[in-house]
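Undergrad: What follows is the residue order along each chain.
Protein chains: 2
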Amino acid sequence: MENGYAYVSNGFPDEESGTAPLLRLRRSASNTTSQIAIIGSNPCPIESLDYEIIENDVFKQDWRSRSKFQIFQFLCSKWILCFVIGIVVSLIGFFNNLAIENIAGEKFVITSNMMLANRYLTAFLIFAAANLGLTLFACLITTLIAPEAAGSGIPEVKAYLNGVDAPAIFSFRTLLVKIVGSIAAVSSSLNVGKAGPMVHTGACIAALTCQGGLKKYGLTWRWLRFFNNDRERRDLVTCGSAAGIAAAFRAPVGGVLFAFEEMASWWRSALLWRAFFTTATVAILLRGLTDTCLSGKCGLFGTGGLIMFDVTSVDITYHLEDVPPVLLLGVIGGIAGSLYNFLLGKVLRFYNLINEKGTAYKILLACTVSILTSCLLFGLPWFASCRPCPADTSEPCPTIGRSGNYKKFQCQPGHYNDLASLFFNTNDDAIKNLFSKDTDTEFDRTSVLIFFITCFFLSIVSYGIVAPVGLFIPVIVTGASYGRLVGLLIGSTSNLNHGLFAVLGAASLLGASMRMTVSLCVILLELTNNLLLLPLVMLVLLVSKTVADAFNHNIYDLIMTLKGLPYLETHAEPYMRQLTVSDAVSGPLHVFNGIELVGNIVHALRKTGHNGFPVIDEPPILYGLILRSHLISLLKKKAFHRTPTLTDVNVIKQFSSSDFAKQGFGNAEKIEDIGLTEEEMEMYVDLHPFTNASPYTVVETMSLAKALTLFRGIGLRHLLVVPKTSGRLPVVGILTRHDFMPEHILGLHPMLAGSKWKRLRFRFSLWDRFFS
Amino acid sequence: MENGYAYVSNGFPDEESGTAPLLRLRRSASNTTSQIAIIGSNPCPIESLDYEIIENDVFKQDWRSRSKFQIFQFLCSKWILCFVIGIVVSLIGFFNNLAIENIAGEKFVITSNMMLANRYLTAFLIFAAANLGLTLFACLITTLIAPEAAGSGIPEVKAYLNGVDAPAIFSFRTLLVKIVGSIAAVSSSLNVGKAGPMVHTGACIAALTCQGGLKKYGLTWRWLRFFNNDRERRDLVTCGSAAGIAAAFRAPVGGVLFAFEEMASWWRSALLWRAFFTTATVAILLRGLTDTCLSGKCGLFGTGGLIMFDVTSVDITYHLEDVPPVLLLGVIGGIAGSLYNFLLGKVLRFYNLINEKGTAYKILLACTVSILTSCLLFGLPWFASCRPCPADTSEPCPTIGRSGNYKKFQCQPGHYNDLASLFFNTNDDAIKNLFSKDTDTEFDRTSVLIFFITCFFLSIVSYGIVAPVGLFIPVIVTGASYGRLVGLLIGSTSNLNHGLFAVLGAASLLGASMRMTVSLCVILLELTNNLLLLPLVMLVLLVSKTVADAFNHNIYDLIMTLKGLPYLETHAEPYMRQLTVSDAVSGPLHVFNGIELVGNIVHALRKTGHNGFPVIDEPPILYGLILRSHLISLLKKKAFHRTPTLTDVNVIKQFSSSDFAKQGFGNAEKIEDIGLTEEEMEMYVDLHPFTNASPYTVVETMSLAKALTLFRGIGLRHLLVVPKTSGRLPVVGILTRHDFMPEHILGLHPMLAGSKWKRLRFRFSLWDRFFS
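Taken in order, these protein sequences are the chains called F and E. The numbering used here puts the first sequence at residues 1 to 772. The numbering used here puts the second sequence at residues 1001 to 1772.
Since the hints were derived computationally from the structure, they do not count as laboratory data. Any given hint could turn out to be false.
With a straight-line Cα cutoff of 20 angstroms, these simulated SDA-like cross-link-like pairs (lysine to any residue) come out [what the hints assert, rightly or not]:
| no. | chain 1 | residue 1 | chain 2 | residue 2 |
| --- | --- | --- | --- | --- |
| 1 | F | K68 | E | M1751 |
| 2 | E | K1724 | E | L1579 |
| 3 | F | K297 | E | L1320 |
| 4 | F | K724 | E | P1730 |
| 5 | F | K638 | F | Y684 |
| 6 | F | K638 | F | A604 |
Ranges between beta-carbon positions, derived for each pair [as the list claims (entries may be wrong)]:
| no. | chain 1 | residue 1 | chain 2 | residue 2 | range |
| --- | --- | --- | --- | --- | --- |
| 7 | F | L353 | E | F1072 | 33 to 41 angstroms |
| 8 | F | T643 | E | E1618 | 35 to 43 angstroms |
| 9 | F | T359 | E | R1064 | 50 to 58 angstroms |
| 10 | E | Q1070 | F | T701 | 24 to 32 angstroms |
| 11 | E | I1145 | F | S492 | 52 to 60 angstroms |
All residues carry an ideal CB built from backbone N, CA and C; glycine is no exception.
Sequences are here, hints too, so could you generate the full structure?
TA: Listed below in structure tokens is the structure:
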């Protein structure tokens, strides 16, 4: 454990204790509710999600009363919601690109015109001021309105799909800030991406849609009540994140695969189909919208914006002798990618210390990064020598205006500045330039090297600012320049053209940083629109991921750890086979009787932060598990008895399942909000009809690894542990998400940390010594 | 229930009771082992697979004793096995295509030469005789050597991955017959495919590889012992089936997606990566092998064989007005596809009656189909009129030799027979002709209509013969002709060329018959090598699948039902929420004591066919569950005591986990093989160290739907049901796969069959009346 911090489970183990050891959080002994710090925001409590089918009398009655029409309506509305999500996401994606291309384009046009008039200082000042203003705007709205919108959002959505409900990540506020902030941040020439924010936007839209709109303004539909549970929401959020990638890269199949490979923790074929339907809607609508722009009605949008690199429409041929350089590119890319992750982690940790100090510090940091970026982007091209325009090029040289391979910058007519063609452009255009074919002589080795190094470090220092910024595009542009560099160094010994090397370089860095395989492969193919690349891209991805896996985790896992999101892996750590579940449960247990005194319930709810309580009947047998939220709803309804009696069946009929349905995100009621008289506190309440009578249980001698399989496989929030022998209390404890966290287990059993059961991972002492 | 047959669970419920109600099987009251009829083979018992982590003392001890080196070795060998599978599958795939192209090619060359010499009758006789001979050979080796190799094999592999171990489907014998038989069957011009058999071949190779080769000949490696469990085998078989599709269609990404979407019942991201590695190996090696053939060293193989249709390297443009015809194509394709499934089901049922009668009938059926096919293929082109060769074609017309768009057949020089260009060709070449661009005037409407109808019915009557034949290619060729027909009928009102319509037609029929989405989409894109098609292909697939889903199930589910393979769906039927698990368990329970008399065990094993027995300790508490196979291993070891005593720890050390490891496929030992003396029968054996002490349990009041989530989610073979109240036997019953089968449940509770809880599916009375 770092910094001497160890998980101490005080009292009843609870899922809310999934705390972030790195952030040194306050914990009080009387409350197990823990806090996480969303980077750049105030600490908030996190909740777990429950994908278990809760079987109590009220829900059962509701299910039985559903008519065939209602079931049909439910099935239809699933598809309608997916369709709506697809349409909204594609509209936002289109609008996003339109805005970025026009804002950034206008900025470059003005600056270029100044430079044509030889007013270089004015050009720089305008450039830097525009960038600073945009960055400041993005940072301000994020800090003041929705701190949850900071960063790419992919780690939060991934954690949500794993069962961790970070607060307010799917609020309308967050959505708005995410969209506007992302446009401003990307337009400000920061080395940040828009793909990650698009994924979060898609997920947000899905979550808001299934909630039936804005609850605050009463805009909800009654027929959406069937979606008031975590399972349905999870499914829609998965579809939404697939739609996000589809809109960002115009890659519908890649979007589905991304959602499956990287985002989703649970998945089934039926969901694949729905996600595919959503991304198909996005792809078709986006194509239609882009077509309407072909006539030039969209300002500077042109045909681009939505990246679609036509790397090579000619046939690509490659042979066995091209494999060794590609392998080498993969290996070095793998090392570079893991180094990237490592450095990014360190920088984020450092930034976190700054951002914690207050709003002013956050803004100062963002401004510093923006000014640094402006200086580098405007300054570095001056070091590159002007190159004469090639005679046989198909496009005008130098390119006056915004896009194109040849930027004039400070050069005399008939010459171009190759470094400015990369730096003085949007990232999308820089990638297009790097991916373009038949341009092997266009760039100088030194220029590409400078560009690569600058991008590598700029993207690392840019990600941590408090604004909605992504990682995908910066990694692609860095990787593409790396690939070009390899191509230039290998020279004519290879048959492959340098545009192809750039694609492979992008693949290697993406693979090494994000550790996806199939989805990245498909996204790259859909981007470059050339299937003949497939075997080489596959090879590079496999090699770079394998190499990088030997060093550290993927970038999103790293950020999740930093944010303290308790992500539950599918795979059990080897030492979990050595422990039984009773080794992991700890603390005294709080149970209720089947018919319980109201005062006892209120006391327990106030005193503890637990979300589930076992219900015991006489003679000691386990009746079931009751959730905190259901107890609170029950207390609100005040169906109390003066004597300990069972509730009448007719009384149950007064309750509808919607009383117990999960409220929207972050709207859970609190025990403190319920006022009860002294008299009511002395009354009894029958918990039976509201108790989940068939919770999943495991025997105390089961290994933790096996229990994890169940917990993770079904998506549980609480797992009851029952005793092996008879004559004891019929429940030994409750396992929650936090009990399966390696930090918790290694905290309880420190001797395991150094044992042979730790995960196999290479540790190079030199690497550790220099960089740790 | 059909035919008055109802599932009667006699005694203990057991997973081996997953019988096929349609095949009217014999069941004796004393034995619950059931039989399934692999179509065209002798009935064999089926087994379930167990993906649960079995935790008994012996396995635990083995796990603890593993060194870090052994864990590393295990991890490495996983990847090495995937690599080996990839290489072997690609070699077989290449060899397969080489053989088919050469055999079929030679046949067509000889026949064509005869026809050039105007010896039409001889040509027909040679053609028919060659076809008959090849069909006969395929049918004979299948019937006599490996009846399990009949059909495509995809349903069996899919069932295996769901946890159903049909006997001998992964034997070396089956593999050989599958490869050789598939070559013969496809070469014989039957309207059958080679993709399905390739999937089975891939799965077979994976299963044999992880078994460490041929057990019979002692070719096993000790370090493969870690793969001796169902989980590891399942993972490798999944990778193998992905490799199969990758080799059949040169579609590595499509292969992975196919394995995920259609085949696998359990899946996780790590497996995705391994499957991707396997298919990448296949793709790269296959490309290398095909390149070596470019110089013409492979006989008639040429560049083709492995289908790679270059439908359009030109830009495809389409607009909003092209959507309605495409939608129409999707809807009609959906109806045609569901009709296809329906008819195929009927024909298979009918063929089953014939095939059951004996080997002679099987062969007779195959020969009839072959002769019918030969007559149609040779006869129908005579009805087409000869068309003059187009002036502006790039290839020679008429094509003399094997491949090409213009077949001379009976026409005079300078003319070609368009129907012969489709019929008198391998299926691969017919598809290539249909998919080719700029050939809108090449085919006559009537010709394409005749071809479509013939293919539709020929593929239905061909699939049921006892030979290794697949469905993929016939559906593609039928769909492609359907698409061409739509293109011809719509004519010039659409911007789309007819080759494109053919691709969309193939997509619609595939989607409607196999009901896959993402994987089919990617396979088609990888086949046609054109990503611009993507939105249209997605649209067609979505529409046709939706339409077809309203009528019936996908083709593989249909075949699995016919074969009586108890496939467990993820999705619980609505009525399962109305039933508790105690409604599904039935019959008296057979339990053992912790220390049990040998005679009792032998008696129970002989008397019942059960595969799992609860072990009870005094005072009545549930100790765990012991498997039949472990009991048999234990009896073989004869670690008995004269008095009821606990086994010493040192005695346990004499047992190694390999004694209890699952033997290879179909090599399980039987209780009858173990000889025990009268004296030994009177001795005691301590079951504790060999009992799985932490089986998964559910409480008897849990709904069946919720229990299914657990059973299916974890991949269990046995699920123990424990009582809600105390003072009873600590186990109420055992749920196995068969208890979750709708046939079983509806048999126990017939009133549910007509209730509103039945699955929502349109029922058109006309459809039922005419076709049922």
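Undergrad: Does each hint fit the structure? Answer for all of them.
TA: Each hint tested on the structure:
1. F:K68 x E:M1751: The given pair, whose Cα atoms are some 17 angstroms apart, holds under the 20 angstroms limit.
2. E:K1724 x E:L1579: holds (16 angstroms)
3. F:K297 x E:L1320: The hint holds at about 19 angstroms.
4. F:K724 x E:P1730: holds (11 angstroms)
5. F:K638 x F:Y684: Answer holds: K638 of chain F to Y684 of chain F is near 10 angstroms, not above 20 angstroms.
6. F:K638 x F:A604: holds (17 angstroms)
7. F:L353 x E:F1072: 33 to 41 angstroms: 38 angstroms Cβ-Cβ, so the 33 to 41 angstroms window holds.
8. F:T643 x E:E1618: 35 to 43 angstroms: Holds - the Cβ-Cβ distance for T643 of chain F and E1618 of chain E, about 41 angstroms, lies within 35 to 43 angstroms.
9. F:T359 x E:R1064: 50 to 58 angstroms: holds (54 angstroms)
10. E:Q1070 x F:T701: 24 to 32 angstroms: With Cβ atoms ~26 angstroms apart, the hint holds.
11. E:I1145 x F:S492: 52 to 60 angstroms: holds (56 angstroms)
The structure meets every hint from the earlier list without exception.
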